[in-house]
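Between the sequences and the hints, there should be enough to build the whole structure, so can you do that?
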Amino acid sequence: MFDYLTSLLGDLNIIAYFIVPVPALLFVSIFTLFAVLAERKISAYMQDRYGPNRTGKGILQTVADMAKLIQKEFISPSHADRWLFELAPFIVFASVFMGYAVIPFATVYVGTDLNLGLFYFFAITSLSVIGILIAGWASHNKYTLIGAMRSAAQIVSYEIPAVLSALTVVMFAGTLSMQSIVVAQSGGIHNWYVFGGPGDVSRILMIPFMAASCLIFFIATLAETNRTPFDIPEGESEIVAGFNLEYSGMKFAFFFFAEYSQMFAVAAVLSTLFLGGWQSPFGNLIPVLNTPLFQIFWFLLKGLLIVYVQMWLRWTLPRLRVDQLMTMCWKYLIPITLIIVLIVGFYLVIR
Amino acid sequence: MAELKTETITLNMGPQHPSTHGVLRLELVLDGEIVLEVKPVIGYLHRCFEKHAEAMTYPQVVPYVDRMDYLASMNNELGYAVAVERLCGIKIPEKVEYIRVIMAELNRIASHLVALGTYGLDAGAFTPFLYCFIDREKILEIFEITCGARLLYNYIWVGGLSHDITPNFKEKVLEFVKVFRPRIKELNDLLSFNKIFIERTANVGVLPPEVAINAGTSGPTLRGSGVNFDLRKNDPYSIYDRFDFKVIVGNGEMGTVGDSWDRYMVRVWEMEESCKIIEQAIELMPAEGNVQEAVPKRIKPPVGEIYARTETPRGELGFYIISDGTNYPVRVKARGPAFCNLSALPLMSKGCMIADLVVILGSIDIVLGEIDR
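The listed protein sequences correspond, in order, to chains A and B. So the first sequence is residues 355 to 705, counted in the numbering used here. So the second sequence is residues 32 to 404, counted in the numbering used here.
Some hints could be false.
[Unchecked claim] The calculated DSSO-like cross-link candidates involving lysine-lysine, where the alpha carbons are at most 27 Å apart (straight line), are:
1) B/381 with A/496
2) B/169 with A/395
3) B/169 with A/685
4) B/201 with B/277
5) B/36 with A/496
6) B/307 with B/277
7) B/36 with A/395
8) B/331 with B/264
The hints are simulated quantities; they were obtained by calculation from the structure and are not laboratory data.
Encoded structure:
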């Protein structure tokens, strides 16, 4: 979309910088509002209670919460490092939001189709760990410091299996551009990379490996977004609220905002890599389902389903301990993904 | 390169902390995530129960006893009532004994449900907590129908009960037991045998049997270490010798004997045993009887002293009462189970991680109201 706009605007292409992010920002804001509501409603449904049902039958609950948070005073603890403390939530949110630049929502809407899109996504979203570290350090509180340290270790470690499992798809597709990866999966559900991607019959051999790769990517991104069972940086029962303990009002809301945006961002990347992104599962059988509007529909459907699974897990599973988390990453996920990468490599050479 | 100099940090956990189960403060010395030292600091909820009791007549102490272990008020009242009745030599009607046992066992289930639910919270699972509270609610409803109160009952009086049971009491209780049994299985599926939960609790906070005995622990904390000691069997009070039930002991099924998972699991299976006792008691309970016929007009025990101990959901609750022959006790000393169990915490949590500490603390199921009294 960026390229299209710049070619259209000619000399005025600076305007494009302001126009392109607007739909993504709108989407993220609305998504966060309703994801928080959905989370509360889904958890209520799973726990045999009603959930929010007063403010506008519950639908406006998060809107009211947001209005309340905006009105709140900006409180900084007296010992906090003021500037860093103020800065941290915005770094976290900005780094997550910048990841949206390369996510292809449809053929017509992708911020900019970088040829290094996937690489860019991983690079920019892992910057959020810096924001979290700053938040933990600047709050001048032992709990936040422990939370920040846990978070840094966790995000840095889980980046590796996430990238390695994404690498299998990149090897198949031969490109890092997100849009090209989606285009490569056209032709229906059997061409999605979770099922071995397009190719001849021999790809059936690849199904278990690619499915495992998909699962590992999901687990790793779950850890990167600090969701249960990997929510140890905010482990409520241990270190109270972790890195965001001292935050209140809008600054706290920005951490929240970042978490939910990242939930959808990683879900979107997962669906882009393994589940065909905006491709219709029926391929070209029903051509109307491939129009841009339906592309957005498929993309959101896949993304939201994955977000639902993230929420479902959160309300089912207990939390891992920090050393078990590391054991799982370094002793299981990374070796397994390395082996999968090797197998995929062999397959691609022999094919 | 010179050795890097590292320092330990001192962290105050509590008194306002989500996992200290009340107003307990833990002074931790940490090396990164590793806990080097734990020092429980108590007393934030001290209400001078023992001194208060000296200014009260014997029946007036009962509501104070309620407020000790507020999750198992019935068991506390039973303990106090048993002590005073033994001191005075009061004979209790059969029906009262059965109702007391049913109430005590129902309250044991309710208390264990809170313990198990909050234990899930400590481990990071939120949903089992609410599942447990749904069942606890049904028990509280039975209590509410019987005596009007949901938490602090003042129901078991010295010599009797404050109210007779309602006509549909038996059906209500049996219905609860019938509904509740499958729910234990549900809890096991959801939490107890969850792989992550087992990883978190098995082999964590191991309390060897000899240490458990030396530290003076009792109840599920002691039985989790494989020691077969339950006052309902070993020193029967009330009519517990008439019922057929098993004493659950930890067997190290998932790890070492005496780990947090064992202590947790003892509570789960004890709920099942309590259901058995309730069913038997409902069946044997005489239909006729006045629940207040043995309540003395004026309680004036003879000069003397008594130590009576009962098994509450947390362990051995003992009351040591000295009487000088007036209607006021000279001294009422309570031996609280949670207080003694808490003393085993530093022994269990040497060298564990912060997350383990929370799990260990949850597994001994403390109630600060009783620790501080």
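Results for each hint:
no.: 1; hint: B/381 with A/496; verdict: 20 Å, holds
no.: 2; hint: B/169 with A/395; verdict: 24 Å, holds
no.: 3; hint: B/169 with A/685; verdict: 46 Å, violated
no.: 4; hint: B/201 with B/277; verdict: 23 Å, holds
no.: 5; hint: B/36 with A/496; verdict: 19 Å, holds
no.: 6; hint: B/307 with B/277; verdict: 9 Å, holds
no.: 7; hint: B/36 with A/395; verdict: 50 Å, violated
no.: 8; hint: B/331 with B/264; verdict: 30 Å, violated
In this structure, the hints that do not hold are numbers 3, 7, 8, in rising order.
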